[in-house]
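Working from the sequences, and respecting the hints, build out all of it.
2 protein chains.
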Amino acid sequence: MSLLTVGTVAFDAIETPFGKTDKIVGGAATYIAWSASYFSKKVNLVSVIGDDFDMNELELLKKRGVDTSGIEIKKGKKSFFWSGKYHLDMNTRDTLATELNVLLEFNPVVPEAYINSDILLLGNIDPSLQLKVINQMQEKPKLIVLDTMNFWMTAPFLGALKEVIGKVDVLTINDAEARELSNEYSLVKAAKKILAMGPKYLVIKKGEHGALLFHENEVFFAPALPLEDVFDPTGAGDTFAGGFCGYLDKTRDISFDNMKRAIIYGSAMASFCVEKFGTERLKTLSYPEIEDRVKDFIDLVQFDIVLED
Amino acid sequence: MSLLTVGTVAFDAIETPFGKTDKIVGGAATYIAWSASYFSKKVNLVSVIGDDFDMNELELLKKRGVDTSGIEIKKGKKSFFWSGKYHLDMNTRDTLATELNVLLEFNPVVPEAYINSDILLLGNIDPSLQLKVINQMQEKPKLIVLDTMNFWMTAPFLGALKEVIGKVDVLTINDAEARELSNEYSLVKAAKKILAMGPKYLVIKKGEHGALLFHENEVFFAPALPLEDVFDPTGAGDTFAGGFCGYLDKTRDISFDNMKRAIIYGSAMASFCVEKFGTERLKTLSYPEIEDRVKDFIDLVQFDIVLED
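So the protein sequences, as listed, match chains X and Z. Note that the numbering used here has the first sequence beginning at 17, numbered continuously upward. Note that the numbering used here has the second sequence beginning at 17, numbered continuously upward.
Keep in mind that the hints were calculated from the coordinates and are not lab data. Predicted model only: the values in this text are computed from it and were never measured. Be aware that one or more of the hints could be misleading.
[Unchecked claim] Label-pair ranges, simulated between beta-carbon atoms:
{"no.": "1", "chain 1": "Z", "residue 1": "Leu-120", "chain 2": "X", "residue 2": "Asn-107", "range": "48 to 54 Å"}
{"no.": "2", "chain 1": "X", "residue 1": "Asp-245", "chain 2": "Z", "residue 2": "Asn-72", "range": "49 to 55 Å"}
{"no.": "3", "chain 1": "Z", "residue 1": "Arg-80", "chain 2": "X", "residue 2": "Tyr-201", "range": "31 to 37 Å"}
{"no.": "4", "chain 1": "Z", "residue 1": "Gly-182", "chain 2": "X", "residue 2": "Leu-76", "range": "51 to 57 Å"}
{"no.": "5", "chain 1": "X", "residue 1": "Thr-300", "chain 2": "Z", "residue 2": "Ile-131", "range": "39 to 45 Å"}
The beta carbon of each residue, even a glycine, is placed where N, CA and C say it ideally should be.
If you want it as structure tokens, here you go:
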């Protein structure tokens, strides 16, 4: 099959309790593409960058089989830049700088070669742009997965966000966002309300506490791997989404049971992502390493109980 | 086998976002005994109460097969009383009143009939009292499980607490307490330091985020069941410990693999506990209901992945 993702390709500068970086390559679509490239044979990428971008980084993605021809390069313009500093608990961060640059005039165009992609993964970006991408697909993809964040859950974006949510099959957000979107504290109640907005599946990401997958009246829980250190959480959610969709694409199976597996693979990819700054760790992976990590997840939750009745 | 527990049998007054109670029966050993009674044929209880206590409550425990002859009744004295109010997130609470009463002069005496108990579960109480109980056992029990809390992790109690920790097989604490005791933020690093203090097993309880079991270089994760509402979290940790030890006692198996199962049963018991105020829900359970709940846990985390290599 094939996977199309749209999202930011950008520069980040990151500070964590373990160190800090100069400008390094980041952006949701970058993490998604790296992660998905270990599973999907055909990853298509729609994004926008300035001509200040490090073109060697695109070459590395191309070598992984990612089609980067959908990345628009704006001459004389600067790429999107984000800078942030994480607190000790790694669950909270301060944004130090946000320079939208090329994002201000981003008008995503899906190349002819991409419009039949089987899976569409909408990375976290303005929901009105996500809508534009959906509308350019020739026919409805087999699966549309939406990642978003709390920033779009307020005026003037909420209307467009709800419209996108109504058009997708899977929504992935974190626990705080699920509470904000639904106005319910209980995640079970939140999930019911959000599923009623349209998506058939809801993934609630809880960071170091794992992830929940809701579908109709069923729920599946995937743990996060307990790690000695979380070095840099930037991109973990995008990496998760990329692994999740990449695995579904590779296995050509979008059933609930296969989504459970996909969540474990996505979680495994995220556990690699946080081990080093930026996309560094994702660049050096091998499939056997990924399988070993998935084995750690299996061992982590495996128990055998034979019920008496 | 047989299970001996020592801890408080007391009155609580509880306020949650869902309502409030007058004085109801609580205390760590009460929750432990109710929970363990569904598994263990012989639950022995050492505690102290005043003659203001509701003796019908002891009769109910006796009917469940709990041996309450180790509960000292102090004439003319009042039972321990605690009152607290939970915040909306149910993870934090304010203590409104703590009246130690009979606890001030509690000097636990283990009856002759209890000194050969196979499993000793030390409920959360002053560590110097926990030490006194250990020293009264005729021979070292097959398993000693220690529950404690952050209050005992400061002067002048920390010395005695570390002495108890050095004598037990299993320690159960929550994530914040593990961090405080070890001075490590990473739970993996915290677990290593705490296991080096003596216990062979460490259970880190994370409330709505589940529980981790550490043993040597292995780790097991048990989820918490996503619930529509947590009505009253009081006693959930004690109920977990009671179910955990009760299951080990019933199955006569203290291996790591069986501890995994015991954690699932303990988590199932805790998930019932929080559904109603106090011990109310624990009083009306049946074993088939417990098995059904354990089935929910199995379904929650079950996935089948066949690795390629």
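Comparing the hints with the structure gives:
no.: 1; hint: Leu-120(Z) <-> Asn-107(X): 48 to 54 Å; in the structure: 41 Å, violated
no.: 2; hint: Asp-245(X) <-> Asn-72(Z): 49 to 55 Å; in the structure: 53 Å, holds
no.: 3; hint: Arg-80(Z) <-> Tyr-201(X): 31 to 37 Å; in the structure: 34 Å, holds
no.: 4; hint: Gly-182(Z) <-> Leu-76(X): 51 to 57 Å; in the structure: 53 Å, holds
no.: 5; hint: Thr-300(X) <-> Ile-131(Z): 39 to 45 Å; in the structure: 59 Å, violated
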